[in-house]
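Chemist: Sequence:
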Amino acid sequence: MQRDKFGKISTLLAVLVTLALSSAPLPTTVHAAGPDPRFGVVEAYAAPAAATALGAGWTRVTFEWNRIQPHGPDEWNVVPISDGVLASELAAGRQVVGLLITTPGWATDVGIGPGVPQGLYLPPDDPNNRWAVFVRTIAARYAGRIDHWTIWNEPEIPIGSPDMTWGGSIEDFVQLLRVAYTVARETNPNAVIHLPAITHWHNEHWFGQFLDTLVAGPHAAANNYYFDVATLHLYHEPEKIYDITVHYYRLMHNRGIYKPFWIAETNGYLSRISEEEQAFFIIQAFSLEIAAGAARIAVYKMTDTQTDQAADPEPFGLVRMDGGRRLAFTAYQVATNYLAGFRSGQWDRRDEISVVTIDRGTQTTTVAWARTPEPQTAILAARTTRALLVDPWGTSRYIYPDHGYYFVNLPGANCAQGCQVGGAPYMLIEDASPGAQTAPQAASPTPP
2 MQRDKFGKIS TLLAVLVTLA LSSAPLPTTV HAAGPDPRFG VVEAYAAPAA ATALGAGWTR
62 VTFEWNRIQP HGPDEWNVVP ISDGVLASEL AAGRQVVGLL ITTPGWATDV GIGPGVPQGL
122 YLPPDDPNNR WAVFVRTIAA RYAGRIDHWT IWNEPEIPIG SPDMTWGGSI EDFVQLLRVA
182 YTVARETNPN AVIHLPAITH WHNEHWFGQF LDTLVAGPHA AANNYYFDVA TLHLYHEPEK
242 IYDITVHYYR LMHNRGIYKP FWIAETNGYL SRISEEEQAF FIIQAFSLEI AAGAARIAVY
302 KMTDTQTDQA ADPEPFGLVR MDGGRRLAFT AYQVATNYLA GFRSGQWDRR DEISVVTIDR
362 GTQTTTVAWA RTPEPQTAIL AARTTRALLV DPWGTSRYIY PDHGYYFVNL PGANCAQGCQ
422 VGGAPYMLIE DASPGAQTAP QAASPTPP
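According to the numbering used here, the sequence shown holds residues 2 to 449 in order.
Worth flagging that the hints you see were computed from the coordinates, not collected in a lab.
With a Cα cut of at most 25 Å, we get these calculated SDA-like pairs of lysine to any residue: (1) Lys260 to Gly218; (2) Lys241 to Gly209; (3) Lys260 to Ile102; (4) Lys260 to Asn204; (5) Lys260 to Asp37; (6) Lys241 to Asp352; (7) Lys260 to Gln210; (8) Lys241 to Phe208; (9) Lys260 to Ser170; (10) Lys241 to Tyr427; (11) Lys241 to Glu353; (12) Lys241 to Pro376; (13) Lys260 to Thr183; (14) Lys241 to Glu375; (15) Lys260 to His201; (16) Lys241 to Val230; (17) Lys241 to Gln347; (18) Lys241 to Arg39; (19) Lys260 to Gln176; (20) Lys241 to His206; (21) Lys241 to Tyr270; (22) Lys260 to Ala222; (23) Lys241 to Trp202; (24) Lys260 to Thr188; (25) Lys241 to Ser272; (26) Lys260 to Val97; (27) Lys241 to Arg351; (28) Lys260 to Val175; (29) Lys260 to Pro38; (30) Lys260 to Phe343; (31) Lys241 to Thr373.
Here are the in silico distance ranges between beta carbons for each label pair: (32) Gly112 to Gly35: 46 to 54 Å; (33) Ser170 to Asp323: 40 to 48 Å; (34) Thr308 to Gly35: 26 to 34 Å; (35) Asp127 to Pro219: 18 to 26 Å; (36) Thr308 to His206: 30 to 38 Å; (37) Gly324 to Pro81: 16 to 24 Å; (38) Cys416 to Glu76: 52 to 60 Å; (39) Gly106 to Thr188: 22 to 30 Å.
The beta-carbon is built from N, C-alpha and C at its ideal position, and this holds for glycine as well.
Make the full structure from the sequences, and use the hints.
Modeler: Right, dumping it as structure tokens:
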């Protein structure tokens, strides 16, 4: 009887321990191996400790030519980042990408248009080719510390817009790119040249016209089309971000160009959605951007600054000016923890719910959320006998399949303004590859 009593107690304790373990939240921390370099944040150096806690693996620094050499070619101001701060970023494991932009007045060819440097069509070794001299100098100065260079920013924004950065033609811009690629590669053979980021919405036809002009050059193909990485800035609606990214890949592939796209800026507008929905955006956008083929992703941006007040008007920072963290900060940590090591992604369902499957080698992360105001249930074919279910805030518990399926309840989306962001996304992590699926999908997926 005594043995029976203790046996029952032992069994009860075992059950309680199992339940406690299965519902215990896992900490939202950076993997011991360090951050996945494919997830980044713009201007990490503005809040470096927070960037490390965030788990950002790369960042962008904007080098404005007009601030480095405001009055003439003999100046060189070390802005916006000191050598010490740059060393700290690299020591923290963050790759730094430089962005070159904004021709100073003294170097501008006013006969062509704002932003166009003097001597742009002169040979790259001609000292009167102001752009070539600047690129050569900065590429040499930072070689080995900054090897990735983005050439300009959002050149498709039309003249007259307050955000306009380029007043020349597409032909002029192709020449700007040719010079930068040639000079940077000659100066630093490890240089990686990025196209300027395109927003799409300012001019939906610009990128196609740019590619047509680029490939028409007689030496373009022999020179790698003068770039290594294409770049997009895409905001606010995760599903449109997926569609646009796929479309832009198609534009390149139709012209025989096969280069990766980086999403160098993404975020949700807080003037249109709540902070909670901004957090949902981060997880949904990251998973869909992976499914669309994005090679790298970065959130704009690390922290609020005084000048951001006029931007949206709400600042985009994951960290507020007072140091407080927005909900999207936690969502970023959760997303990068459970999407790290991704190999590819697939958008499997696009009906009442979204289901995105992320291949992480020996693990599969399935991300699901409701696309309607009504709550939904995702019925997911099981690959394993147990899976970790994680909510947007990192709270996790183990769940078990029922007759070969996991059942995940999904809260409805806020559709007061058209379901711009889906409902709370849940992540299901299985210790198996996507090909290990043991049961058919429970519903016929609607192809994206």
